[in-house]
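Peer 1: If you want the building blocks of each chain, they are given just below.
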Amino acid sequence: MSIKIALAGNPNSGKTTLFNALTGSDQYVGNWPGVTVEKKDGRLAGHKDTVLQDLPGIYSLSPYSLEEKVSRNFLVYEKPDAILNIVDGTNIERNLYLSTQLAELGIPMVIAVNMMDIVDKAGDKIDFKKLGKALNCRAIGISAQKSRGCRDAAAEALLVAREGLKSEAPHVFSGSVEHALAHIEESIQGKVPAASIRWCAIKIFERDKEAIEKMGINPKTIEHVEGHIKDCEKELDDDAESIITSQRYEFIQKIVKDCVVKNSKRLKRMSISDKIDRIVTHKILALPIFILSLCAMWWLAVAENGPGTILTDWANDQFLGEDGWHLPFTSHKFKCPEKECENCTADERGENCTCESCRIYTGMEYEEAQEFYAPHEKNIEAWEAAYIEAYNEANKDKEGFEELAEMPEELDEALARTVKADGVRLDDDEETGEAVRGKLKDGCGPCIEVEIAEEDDEDAPELEWTCDWAMYQVSKAVPEVDPSNYGVFIPGISTLLDSMLDKAGVNETVKSLVKDGAWGGVATVLGFVPVILVVFLFLAFLEDCGYMARVAFIMDRLFRKFGLSGKSFIPMIVGKGCGVPAVMAARTIENERDHRMTVILATFIPCGAKTVVIAMFASIFFRDMWWVAALMDIIGIAIIVLGGIALKKSRAFAGEAAPFVMELPSYHLPTPNGIWRHTWTRVKGYVFKAGMIIFPACVFLWLVMHFDWSFTLLADEEIEKSILHDIGSWIAWFFAPLGFGTWQGAAASVSAEIAKEQATATLGIVAQNMQGTSTAAHIKALFGSMSDFPRLAAFSFMVFNLFIPPCMVAIAVTFREMGTKAWGWFAVAFQLFIGYTIALSAYQVGMLICSGVFTFWTILALAIDGFCLWAIFRPARKEIAK
Amino acid sequence: MTLDQVQIGEERTITKILGEGAVKRRIMDMGLTKGTKVTIIKVAPLGDPLELLVRGYDLSIRKDEAAKIEVE
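Residue numbers (our numbering), protein chains in the order written: chain A, 1 to 882; chain F, 883 to 954.
Careful: at least some of the hints might be erroneous.
Calculated lysine-lysine pairs in the DSS-like style (CA-CA distance at most 27 Å, straight line) [claimed, not checked]: (1) F:K919 - A:K130; (2) F:K898 - A:K254; (3) A:K561 - F:K924; (4) A:K257 - F:K919; (5) A:K234 - F:K898; (6) A:K684 - A:K48; (7) F:K898 - A:K230; (8) A:K262 - F:K945; (9) A:K133 - A:K4; (10) A:K146 - A:K4; (11) F:K945 - A:K561; (12) A:K209 - F:K898; (13) A:K649 - F:K945; (14) F:K898 - F:K924; (15) F:K945 - A:K257; (16) F:K945 - A:K283; (17) A:K234 - F:K950; (18) A:K262 - F:K919.
Have a look at the derived ranges for each label pair, beta carbon to beta carbon [what the hints assert, rightly or not]: (19) A:A194 - F:Q887: 46 to 54 Å; (20) A:D258 - F:Q887: 49 to 57 Å; (21) F:L900 - A:I731: 51 to 59 Å; (22) F:L900 - A:V261: 31 to 39 Å; (23) F:Q889 - A:K48: 56 to 64 Å; (24) A:A296 - F:Q887: 32 to 40 Å; (25) F:Q889 - A:Q253: 23 to 31 Å.
Reference excerpt, derived from the structure (chain A facing chain F, CB under 7 Å, subset only) [unchecked claim]: (26) S62; (27) S246; (28) K511; (29) P659; (30) F660; (31) M662.
FYI, nobody ran anything at the bench for these hints, they're computed from the structure. For clarity, every value in this text was computed on a predicted model and none was experimentally measured. Note that CB positions come from ideal geometry on N, CA and C, so glycine has one too.
With the hints as constraints, model all of the structure from the sequences given.
Peer 2: So this is what it looks like as structure tokens:
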């Protein structure tokens, strides 16, 4: 028969640490109240038939909060064989309050007084024998963090579980209360289980409706004892519930006086925790310190040169992508690629090799070599692009002309053989030289000046890269930089997959399906891991050390005004970088309502990917309006503030405000092990749980973009034949009032759900057949074809895509964090409503102002705006009395 | 006098908890019961909530809640 032991205690008492120590599982531990919301179980190490149940941290068994109800129902109705009650020895008075309630349940109990290492250090003494005697159970001292006494505590619990209940509950109340309780016990005797009769009696005394209902006692019996309760209340001048609570504490005060000897010298001195607290919650310093810690997080996670970004780039481009990477901390110097050196004899290989690669690159680091090659690469690109354009231009009227898309291969090869890297022509090969010159004459002269705008550099579009024929020849002769010649090189997983599929000899469709579809989905999921990891390492530190509770303390006043918690600030700052860790960071908010509200609102802050969209639109449409990017941030903040106010007044979030009665735990230095476990649990949860939604969604979107209805693989440029095109056409009407109701606008918006920056890429693809010479011109023409007010339409498209539900990945974590599907859909619907409303208002009201266009849609836009204003400014609901 | 009017650093003894239901129970569960000594440690930088020392630990409550606690 298996034994069930429940682990119960106050929040922040080290319960989960003890649980981990005893089961070896990696549970979630944090230094702020309310970490464990669900109950979790694990097997006691070394005792396979014993289940240890980790209950949520609670202060009391009152019927008012969710966690308390979960714990109470478990203890009362599932009857574990024993309770292991963990008590924080540094805060024993309040912790024992719960113990007095647990002791009444009629379940054998062991009290484990935790944090004895800190108690000992402070010089305090606790008499466990006396303590146990006072509460009619066994009491021992442990230190979960130092793994001291944990096994003994488990062994004791196991022992009492086997022995069963031996002693009755302690009598903690004063004479008149005990008298009333005795009457109640008498009248319910036989109607409730004998072991928990005292608990039932107390609940009846407290008039705890929920508990009484579940006991199934005749209302007449209750009425019968009501007189005794009233007498008691009259005598003690308080309500029954308060009498019980007060007397419990009075009882505990007596026990503590008897059992605990405080070190008298310590009393006057300030603890380190107090000193830290005096600074971080200082009247003036608190806010700067908070902002500083936010900056630190910002830098760590999402700043341009911060570790989070570097890791993310590395993971996406090099580890998972096609670039590959060099083993760090090893030499990346050029090494002769011996087997490829065809020009050198066997004796010359290695150090003395004189092939082109070796001659140029020997002695260079990989980065140096790349730097060396970069201008050559640009030369080649520039000249070839100009060549192709000139060739097409010169030959377009000839019969049988086929447009040249890339350099003809034979020309490419021939060219490579005509020169050496230092510019010496290999004209002695008469035949080849002739062939090359012949070909080139066909097209255009060999010496053309090329003018090409450098694309990478947005700020300097005037900068031109030119390359003439001689330079081109030189550049062409320089061997490309092959990363595998520089130290230990590990190819990216995409590349590996590519070569594996090639070897397997599968056809193009299957290859693309596996590599771009399936692997693309997995890579999307994994690509977010570094930023989540960094954010949560930092948050785990803040939480474990106890600062998080102070953040709520500092910011509460500000955020309460619009229905959020003081801790909501952190997700919003993280959200500027990436919405996914932002939504997950909302976890630190223990109040369910504040938590949900924060999850819904956090992603309205434009994230890094959305910034790409803003940058593109700003550079194409709003060059003269420098403030557009800032405006997007302001709109995001406005949605959070106003949305919070409106939601707070809505039915979904109505009800009595949760009391802000929060423990401020002592600071302590977190252990690396604890922080890591804490972070890892969340990363794991993201990969396995959120990944389950993200992966199929990404694959689906990729499929509709790259396949037509007969399931033929399409090139990127053939998007017009794709399923997405048809989907776009079907739903285009939805976007018509926003000014971009064509399949292109719809398809770009839908594909942006893979990742927001995809909106720019898709727009580029769907606009390619528009007139113009550059992508920017294509997109401009595209919006011109959609609306008479292309700039308004572009603005509307931009705000729509910024403020509708974020990318798939963020939606997936939103669903996970909201708890239920219904709440997940609520979040998505709310976000869609906001995005649509803003785009609609921008376009319709914009048209009205610019040229007085007034249609049905203008009326609708104004009506919805009116509704929003009403939702924001209507009087708050009367608090519903429960 | 209620707790929200007490000066920072002052120690007072609770005489009564006003109100009823969840909020009152929650306040009392945290150890703020009749006869308990409470010290106001500080006010948050934005003026609310308060930090109290009660039964040897730090507790944070809003002024709204503090106004329901009568002290001598």
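Peer 1: To test your reading of the hints: which numbers does this structure violate?
Peer 2: 8, 15, 20, 28
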